[in-house]
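Trainee: These protein sequence lines are chains Y and D, in that order.
Going by my numbering, the first residue of the first sequence is number 1, and it counts up by one from there.
Going by my numbering, the first residue of the second sequence is number 1, and it counts up by one from there.
Everything labelled a hint here was simulated from the structure, so no lab data went into it.
Bear in mind that the values here come from a model prediction, so they are computed numbers and not experimental data.
Take the hints with a grain of salt, since some may be wrong.
Computed footprint of chain D on chain Y, listed as stretches where at least three residues anywhere in the stretch have a Cβ under 8 Å from a Cβ of chain D [to be verified]:
hint	segment
1	43 to 49
2	105 to 113
Here are some, though not all, of the chain D residues that point toward chain Y, as calculated from beta-carbon distances under 8 Å [as the list claims (entries may be wrong)]:
hint	residue
3	T5
4	T7
5	P8
6	Y33
7	G42
8	L43
9	F64
10	Q67
11	F90
12	G102
13	E103
14	L104
15	F106
16	G107
17	E108
18	G109
Where is the CB? At the ideal position from N, CA and C, for every residue including glycine.
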Amino acid sequence: GENVEQHPSTLSVQEGDSAVIKCTYSDSASNYFPWYKQELGKRPQLIIDIRSNVGEKKDQRIAVTLNKTAKHFSLHITETQPEDSAVYFCAASRGGGGSNYKLTFGKGTLLTVNP
Amino acid sequence: DSGVTQTPKHLITATGQRVTLRCSPRSGDLSVYWYQQSLDQGLQFLIQYYNGEERAKGNILERFSAQQFPDLHSELNLSSLELGDSALYFCASSSNQLANTGELFFGEGSRLTVL
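Bound-form chain Y, shown alone (with noise of 0.2 Å):
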């Protein structure tokens, strides 16, 4: 099956800065990969996705890039700001996310963002 690698596990960084996370896959027909971010107390929630078929997508100052032929893609959050401290997830999934498939998760990051 499906398995995800994530990294780092922790990350600190100033108010301002960037912070990025990567993932790894194994399974070369993923092709659906999410990230969510879940705020301390609260349920999972979808920030961004991307599919195969794109090598990345932005959303104000969030963006995900995707290597398929090296299986990694990554999250880069710009310009952070202290409610961007969270755990983010990433995951992947067959079927284009359009298939009610599965997706399996990384282990999470703990970003905090420090004033």
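For this one, chain Y is given, so just place chain D on it according to the hints.
Mentor: Same frame as chain Y, but now just chain D:
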């Protein structure tokens, strides 16, 4: 509010006991997923149901079982509980519509404590 309802929110029980966690998916969603979240293991996929049928199985122990009922709500049964079963159990659902983006909508979780 994701539209996914989980009960109970908190549950404290003793080793050897059995509990049932309940999940109501978003209106119209046919897929239900169960995930276990513990401190060091991230979000572990347990099982997925689609329209009443088991669709995918992950690292679910034999002591655990689940089902999805005709009204699409799902129950996760945990028996012969051990200390290590203490965790946050999330239910999620996804759309079966053609425009499905692949997003999983998580409930608030059921926190199980086994003493």
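Trainee: Answer holds if the nearest beta-carbon of chain Y is closer than 8 Å to that of T5 (chain D); otherwise answer violated.
Mentor: violated, 12 Å
Trainee: Can we keep the F106 (chain D) interface hint, with Cβ of chain Y closer than 8 Å?
Mentor: For F106 (chain D), the interface hint holds, since the closest Cβ of chain Y sits about 4 Å away, which is under 8 Å.
Trainee: Does the closest beta carbon of chain Y sit nearer than 8 Å to the beta carbon of G107 (chain D)?
Mentor: Holds: closest Cβ of chain Y sits about 6 Å from G107 (chain D), inside 8 Å.
Trainee: Using Cβ atoms only, decide whether P8 (chain D) comes closer than 8 Å to chain Y, and label the hint accordingly.
Mentor: With a closest approach of 15 Å, the P8 (chain D) hint is violated.
Trainee: Using the nearest Cβ pair, does F90 (chain D) come within less than 8 Å of chain Y?
Mentor: Hint on F90 (chain D): holds, closest Cβ of chain Y at ~7 Å, below 8 Å.
Trainee: Using 8 Å as the Cβ threshold, decide whether E103 (chain D) counts as touching chain Y.
Mentor: holds, 5 Å
Trainee: Verify the interface restraint on E108 (chain D): the C-beta must sit less than 8 Å from at least one C-beta of chain Y.
Mentor: holds, 5 Å
Trainee: Hint F64 (chain D) vs chain Y: min CB-CB distance below 8 Å?
Mentor: This interface hint is violated because 16 Å lies over the 8 Å limit.
Trainee: For the hint on T7 (chain D), just tell me whether its beta-carbon gets within less than 8 Å of chain Y.
Mentor: violated, 14 Å
Trainee: Is the hint on Q67 (chain D) kept, meaning its closest Cβ partner in chain Y is under 8 Å away?
Mentor: Not OK, violated: Q67 (chain D) not within 8 Å of chain Y, min 17 Å.
Trainee: Holds or violated: the hint that Y33 (chain D) contacts chain Y, with Cβ atoms closer than 8 Å.
Mentor: holds, 6 Å
Trainee: Quick check: do three or more residues in the segment 105 to 113 of chain Y have a beta carbon closer than 8 Å to a beta carbon of chain D?
Mentor: holds (count 4)
Going through the hint list in order, the structure does not satisfy hints 3, 4, 5, 9, 10.
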